[in-house]
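Engineer: The residues making up each chain are set out below.
Protein chains: 2
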Amino acid sequence: MASAERSAPAVVTGGAGAIGSVLAQRLVADGRPVRVVDNLSSGKRERLSTLERGGHVRFSELDLRRPDGLGPVFEGAGEVWHLAANPDIRLGTNDPSIDLHHGTIATANVLEAVRRADVPRVLFSSSSVVYGRPTVFPTPESYGPLLPQSQYAAAKLASEALLSAYCHSYGVRGWIFRFANIVGPGMAHGVVYDLLQKLRRDPTRLEVLGDGRQAKSYLWVDDCVAGMRLAEDRATDRVNVFNLGTAQQVPVREIAERVVRSFGRPVRIEYTGGEGGWVGDIPLQLLAIDRIRALGWSPELDSSAAVDRAISTTRRELGL
Amino acid sequence: MASAERSAPAVVTGGAGAIGSVLAQRLVADGRPVRVVDNLSSGKRERLSTLERGGHVRFSELDLRRPDGLGPVFEGAGEVWHLAANPDIRLGTNDPSIDLHHGTIATANVLEAVRRADVPRVLFSSSSVVYGRPTVFPTPESYGPLLPQSQYAAAKLASEALLSAYCHSYGVRGWIFRFANIVGPGMAHGVVYDLLQKLRRDPTRLEVLGDGRQAKSYLWVDDCVAGMRLAEDRATDRVNVFNLGTAQQVPVREIAERVVRSFGRPVRIEYTGGEGGWVGDIPLQLLAIDRIRALGWSPELDSSAAVDRAISTTRRELGL
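Top to bottom, those sequences are chains A and B. Residues in the first sequence are numbered consecutively from 0, following numbering that gives the first Met the number 0. Residues in the second sequence are numbered consecutively from 0, following numbering that gives the first Met the number 0.
Incorrect hints may appear among the rest.
[Claimed, not checked] Pulled from the structure, derived: some chain A residues nowhere near chain B, Cβ distances all over 12 Å:
#1 114
#2 155
#3 205
#4 211
#5 214
#6 314
[Unchecked claim] For the chain B half of the interface with chain A, some residues (derived, Cβ under 7 Å), not all of them:
#7 99
#8 107
#9 141
#10 143
#11 144
#12 148
#13 149
#14 160
#15 168
No lab work stands behind these hints, which were simulated from the structure alone. We put the CB at the ideal spot given by N, CA and C, even for glycine.
Chain A with its partners taken away, still in its complex shape (with noise of 0.2 Å):
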């Protein structure tokens, strides 16, 4: 990128959320002035307060739902990191307005700043769900066709859309990460964190969705962090896709016995049974990561230990 964009500052949508906090901080570390917005409906603006403290950091709290008040967030910037969403898959499948609104109109509002100020790059934060339940295994980016399992999955495929005909018809570069199950501190949803409140109210049993043997590649999310801004570094086509993950797969069965074995004491594991954990769950992902991986990028945590580190840590949140 011109030396210019990397002066200008950079915006962050769901940046006070897990993983955008930690893309503000790394930004910031490499002397970027950064522009936060969030509805902090799941993000917590204290992740960024040292980096406010510090002039760093200028937070908007804004609702992307609508586009008011976007436009001097975006005048001038160098980039925008679209990461904000609604973060729990689950809840839209009882209400399929939350990611219609949260995902898909966000984004198109979002869009629709960049083109109004020029914004020269969008980073776009997908997920390997766009896959539906894929038949190839480990997945690459060319896989199809693209048939979405839920309102969450559709949401960010029409975000993917959306930002490759933007990449198309006015200029802008777009990166598209389609990223495996990223796991990292502060993240209130997720497998380990379910089963880590599930012992929290009976330290004694332990209830599993589905039959464990759903397995699911795991990445940490400063693994997640470096890879996506050394995409950006070096990825040159107008619309560049990249799925983020790690090669191995961990079934959820492993899962719930690394979160037992943390504990050294007996619990009983009990699952509910059935291939997915529920509506809308991918029981299988692996996504391919040659592409990626061509650019220099490697993960420093496996799956395994990416999921050992989440148990550690969020043992450590829950006060457990």
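Please build the complex by placing chain B on the supplied structure of chain A, with the hints as guidance.
Structural biologist: Chain B only, in chain A's frame:
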């Protein structure tokens, strides 16, 4: 399909359009009561007047951008053919809100009405433009990644994604048809119509957008409707994705020459140059149609015959 579903009303959104009205006729010919929803922005109610007089079609002028009033239309329906959309790809580039609202959000509203009324089947008219600029020809349904180049294409892909999510979450069955260029009576857009309109204004010269080497496949509307109805009967997946086109490309240059030849007098053809006709144009399109062929469908008219019939039909309509 079950016999109760065969006698239940079929809803056709965009049913006053050039494709929807042909579909409505065929459904009525098979003894189905039809409910048409159309906002008449490009549809014409006259197309349905015979069917309405015969009591076969119930017409509702409704704007799908808002969910109001959809309930009674969808109540008790056996299936929904969702064809309503902004028909002109070029409009979206100047105003991205058109395809967002008339495409993606309209589809979301239709699907919510489907869910509330418990309609068992949804058939959706998508488009070859979801493939962006593919690198494989003929392009199979499994092609990826899908990188749309226009707001229209983004809305089609977003709508596919929503339909897929509804199918997997709520027990609906879905059909996604990715159309080649459909030609037929009453089409007020597309290359044949545009060229004839230009000749109407100036019979001595014909301006052609691009270098004339853009080459796409053309499908006559009756073949398109027959293909969709056959796939509904014979495809049994929860979500069924089919390309619908012909096996031949016709270059725009050849279409211009066929148009001129149809008049039998000299016309100067002038090319504006450049590989695409307009921002968001996909210069090369040829769909793999093996999947729908394997069900027993094949088009009666090949691309050239479809173009020739479109020329003579449109000339008659324009009084040329």
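Engineer: It remains to establish, for every hint, whether it holds in the given structure.
Structural biologist: So, going through the hints one by one against the coordinates:
1. For residue 114(A), the condition that its CB be more than 12 Å from all CB atoms of chain B is violated, with the nearest at approximately 8 Å.
2. Not every beta carbon of chain B lies more than 12 Å from that of residue 155(A), the smallest distance being close to 8 Å; the non-interface claim is violated.
3. The claim that residue 205(A) is not at the interface with chain B holds, since no C-beta of that chain comes within 12 Å of its own (minimum 27 Å).
4. Even its closest Cβ contact with chain B, about 22 Å, leaves residue 211(A) beyond 12 Å, as expected for a residue assigned away from the interface.
5. At the 12 Å boundary, the C-beta of residue 214(A) stays outside the reach of chain B, the nearest C-beta of that chain being 20 Å off.
6. Listed as outside the interface, residue 314(A) is consistent with that label: its C-beta sits roughly 33 Å from the nearest C-beta of chain B, beyond the 12 Å cut-off.
7. With a least beta-carbon distance of about 5 Å to chain A, the hint placing residue 99(B) at the interface is held under the 7 Å criterion.
8. For residue 107(B), the shortest C-beta to C-beta distance to chain A is roughly 5 Å, which falls under 7 Å, so the interface hint holds.
9. With its C-beta approaching chain A no nearer than about 5 Å, residue 141(B) sits inside the 7 Å limit, and its interface hint holds.
10. Hint status for residue 143(B): holds, given a least beta-carbon distance of 3 Å to chain A, under 7 Å.
11. Satisfaction of the interface hint for residue 144(B) is found here, the shortest Cβ-Cβ separation to chain A being roughly 5 Å, below the 7 Å cut-off.
12. A cut of 7 Å between beta carbons decides the hint on residue 148(B): the least distance to chain A is about 4 Å, and the hint holds.
13. The beta carbon of residue 149(B) comes within 6 Å of a beta carbon in chain A, closer than 7 Å, and the hint placing it at the interface holds.
14. With a cut of 7 Å, the hint placing residue 160(B) at the interface with chain A holds, because the nearest CB-to-CB distance is about 4 Å.
15. Annotation: interface hint on residue 168(B) holds; nearest CB of chain A at approximately 5 Å, less than 7 Å.
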